[in-house]
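Q: Each chain is listed here by its residues.
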Amino acid sequence: MIGIEIAGIRVALQIEDELLSARVLSRYVAFAAPAAGAAYVVRAVVRPDAGMPPRADRVWRVDTESSGDRLTYRSLHDEGWMDWRRAAGQIELRPGADIENYLRVLCAYHSARSGGVMLHASGVALGERASVFFGQSGSGKSTVAHLSLDAGLTVLGDDIVIIGRRDGRFVAHGVPFRGSNPRSPQAAVSAPLAGLFKLVKARNHSVVPMTHPATVARLVQCVPFVMNDPLVSTQVISTCRDLVLQIPAGELRFRMDAGFWSVINAFTATISHPA
Amino acid sequence: MLSLQQYPIPHRQVSGRVIDDEAVIVLSESGDVEVLNRVGARIWELADGTRTIGEIAQLIEREYDVALPQAQADVQAFVERLIDENIVTLADRPQA
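From first to last, the protein sequence lines are chains A and B. Note that the working numbering has the first sequence beginning at 1, numbered continuously upward. Note that the working numbering has the second sequence beginning at 276, numbered continuously upward.
It should be emphasised that the hints constitute simulated quantities derived from the structure, not laboratory data. Quick reminder that beta carbons are idealized off the backbone N, C-alpha and C, glycines included. Fair warning: there could be bad hints in the mix.
As the list claims (entries may be wrong) - Cβ-to-Cβ under 8 Å is the rule here; a few derived chain A residues that face chain B:
| id | residue |
| --- | --- |
| 1 | E16 |
| 2 | H212 |
| 3 | A214 |
| 4 | Q221 |
As the list claims (entries may be wrong) - Far from chain A, by Cβ distances over 10 Å, these chain B residues were calculated:
| id | residue |
| --- | --- |
| 5 | Q288 |
| 6 | E330 |
| 7 | L334 |
| 8 | D367 |
With the hints as constraints, model all of the structure from the sequences given.
A: Shown next, in the form of structure tokens:
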């Protein structure tokens with residue numbers, strides 16, 4: 001058994017294929033954890049015809065379907081399921097395929113079902129304060145992450161960030177799920193969430209406050225995998241509402257240098273943070 | 276124009292919540308997200324399958340101090356928009 005823990009979600013992976021086992025150990029080394037006490041046990045099986053039938057467009061996609069306690073999952077090179085009641089799942093992969101998409105979906109659903117949320121966003125920790133940057137593709141999520149990395153800050157993720165709850169407060173967690181940049185860090189660290197920022201590229205740095213409904217709407221647009229399930233999406237909307245009530249949120253207008261941190265720090269310092 | 280006797284009900288693909296008097300609506304099939312303003316959010320909230328369009332218009336008349344014919348026309352037009360966007364559907368009888 002291989003144990004990994006992402007955002008407090010511990011998964012025990014039962015992998016018979018030695019090559020796959022070695023890849024998983026190497027890929028998730030920063031997130032290694034004891035398999036004992038895992039919240040989920042997932043069996044991984046290599047099967048040459050796993051995944052979607054061959055498609056002409058080869059566009060990456062993930063299909064999920066939720067029915068009662070069972071989630072089914074299918075992507076280009078892998079497919080699987082998760083039984084929430086039994087806390088057990090299975091993934092079947094083609095030779096050479098990665099378990100990452102399955103883990104992303106598992107983390108997205110687990111987070112949503114437990115009062116957190118997985119966001120298509122980047123996250124940066126500055127000491128004991130984390131900021132999360134969200135927006136549509138091309139808005140600058142990975143740019144902000146890598147400018148922050150160059151400035152010596154801890155990047156929690158440049159493509160995906162998980163926000164969970166700890167002692168009634170929101171916490172941003174680092175994840176191993178990276179974007180396309182090979183420099184993407186994989187930090188198994190977490191920090192209390194201090195700010196939420198919708199990204200807009202601009203000529204100067206500024207933060208413009210957003211209304212709660214507008215922030216919730218923009219946040220839920222950045223939630224992958226789970227929003228096609230009305231029950232789960234209702235939970236996600238409630239979580240995002242709780243988020244904007246607790247955490248300062250604004251539109252970060254920024255240019256291509258790390259000077260945006262000064263306006264972020266000024267913004268989060270002036271907005272009251274309810275206990 | 277929609278009949279005042281019909282019952283608007285939430286579309287099965289929709290989830291949403293009223294936040295600060297506005298409604299954030301998620302359409303799961305398309306992934307689209309809509310934000311309804313204060314009056315729109317109130318109409319969407321009332322369109323739960325237990326009230327006719329006419330009954331919703333009467334509540335809007337009282338809550339927002341508008342003339343009933345105006346409230347009826349506004350609610351009919353807004354419900355029509357919600358139907359076009361697959362946010363609500365219509366029923367001929369009240370829904371449990």
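Q: For each hint given before, does the structure comply? Return the numbers of the non-compliant ones in rising order.
A: 1 and 5
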